[in-house]
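Student: Read off the chains here:
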Amino acid sequence: MTFNQPTIDYAGLSPLIALVATLCVVIIASIIPRVGRFSVALLTLIGFATTAGLTIWQWGASENLVSNALRIDDIGSMAILIALLAAAGTVLLSLREPAAYTAGHGAYYALLIGSVMGMVVLAQSINLISFFVGLELLSIPLYVLCGAAVRRKESLESGLKYLIVGSLGSATLLYGFALIYGATGSTNFGVIAEELTSAQLASDTLVLAGVAMAVVGIAFKLSLAPFHQWAPDVYEGAPTPITAFMAVATKAVVFVAFARLLEQGLGELSGIWSDALAVLAVISIVIGNVGAIGQRSIKRLLGYSGIAQGGYILVGLVVVSTEGAGAMIFYLAVYALANLAVFAPLVARERESGFGDDVNGIAGIGRTRPWLAWPMTIGVLSMIGLPGTAGFIGKLFLIQAAVDGDYTWLAVVVVIGTVVSLGYYLRLLSAIWMEPQPDAPNTQSPMPVIAGGAPEADASAGGREEVPPGSSRCVLVVGTGVICAAATVLLGIYPEQLIQWATEAGEAITRAVGL
Amino acid sequence: MDLSYFLVLSALLFATGAIGVLVRRSPLVILLCLELMLNAGNLALLTFSRSLADQQGQVLALVVMVVAACEVVVGLGLIVAAYRRKLPLNVDEFRTLRG
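In the order they appear, the protein sequences are chains A and B. Those letters in the first sequence? Residues 0 to 514, by numbering that gives the first Met the number 0. Those letters in the second sequence? Residues 0 to 98, by numbering that gives the first Met the number 0.
According to the in silico footprint, chain B covers these stretches of chain A (three or more CB under 8 angstroms from chain B):
1) 121-133
2) 140-148
3) 160-166
4) 169-175
Think of the hints as simulated: they come from the structure by calculation, not from any bench. Virtual Cβ for every residue (Gly too), placed ideally from N, Cα, C.
With the rest of the complex left out, here is chain A (with noise of 0.2 angstroms):
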């Protein structure tokens, strides 16, 4: 018996490979006694960087690495980098975040490079196994950094939740994945498609039960309607810099795996998935602009606004184009930097106003805040769709796919959307700029226990860990919500760049994968 060794390209997985270097380094350097939170976060960036110039490198590259389970280009390649940008804006939102301390920021860093570990994967997956690992490797370290924040029993609550709708949505996925494989007899993307073809298996039972549970079960990980319960919940109870990234770069990467799955593996099968993504892209919609409407806390209410905005970018799934594709990486690039450029504000207002993520937190910071309050105020703008910001054009793509795919109506629902979006974005603005600022409510209410941790524990570590507030130390949580503040309306200028690199990874996801 010989074994032959698999040829692996070392120049594709560099990527990954990067990644899990700096988090055995991150991990390492966290238990070092005179390494600080500054480095760790130093170290977890350069990491990230690293990440981002190795995926820039192989940019254009088109082939399968590791006996078929995973496959670089350009749309993968493009997810990967909206993940390492809201990665990225993570970390430096986090250098103060109190569950970063509670956790200990070694810790923190290494889960979140863990879920960007989960993300690569995920986003070059071309068989069922390495998807269903990437998934999990994604989710399981966001499970514990929701409730990294022990002290606070939301972010404990949101994180036993998070972990309990997203194992469902695990398990269902698993089960679609095992009749699929039941019915065509492998895991392989390309193989599946190829048996769909050949073998007539268009009408088999089997087959159609497995897309649909796939299909559920990773409409739960998108919080699509109606399996977005758990979003609002989560997104308001876990850390807020959490939040963000969830918000991001989840999303992201599902979106492209998603597309991957659909379009590379079950093309065959377009006509009978496009019309039921259609509908699920019209409840999340509807569901999502109008749950937003009369929420208080902003978390909450972005948590609604993303189930909104994934059934827009899911219109760019269900026509089934290069162009569609185009343009559900393009509305998710710009999303991400809006979302950012809305998180980054929140962050700071959380920790000076007192008042926690309610709309109360932002009112009056027109005049206060400046710096604060453009950012938000252009993020906001860009997820309206403004002319102006990036997220206009990004609308505009997703409406001009869904027209040229023969789904006018749908076009027609997004527009809706939008309008009765108005309803409570523009409710954020007119608390930013036209609301006076509030007194600051009395918060000096004591330490609450560290849950799982010793009561001696407590006691020494009372107080210790208070986190200083103030302007003038964030800094770097301003300088996240200006840059991306900027870059939205950059892009919303001069788009060509980023459409360019949008089409061609739409062109990527239309090109066969191989066996």
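For this one, chain A is given, so just place chain B on it according to the hints.
Tutor: Quick look at chain B alone, frame taken from chain A:
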């Protein structure tokens, strides 16, 4: 032996788990039911793997076992943390976040 028996069993296990997640109130029992759902998936994978005489399904089943263990570790950790904060261990009481 007819493999459809195994598939029916796995479908029943999956349904039992799903119903358990929906109706039970204790987070511990919910975790158990989630395990049941994942293992129902495993049984289906192994059945198909056997009938197709192909190894890929078994590889996925092995991966799922690892994933299930990770999920339980995180879940139990969160439950212990909630218990030490003296939060009620009943998912109906988890409603600080709602609306």
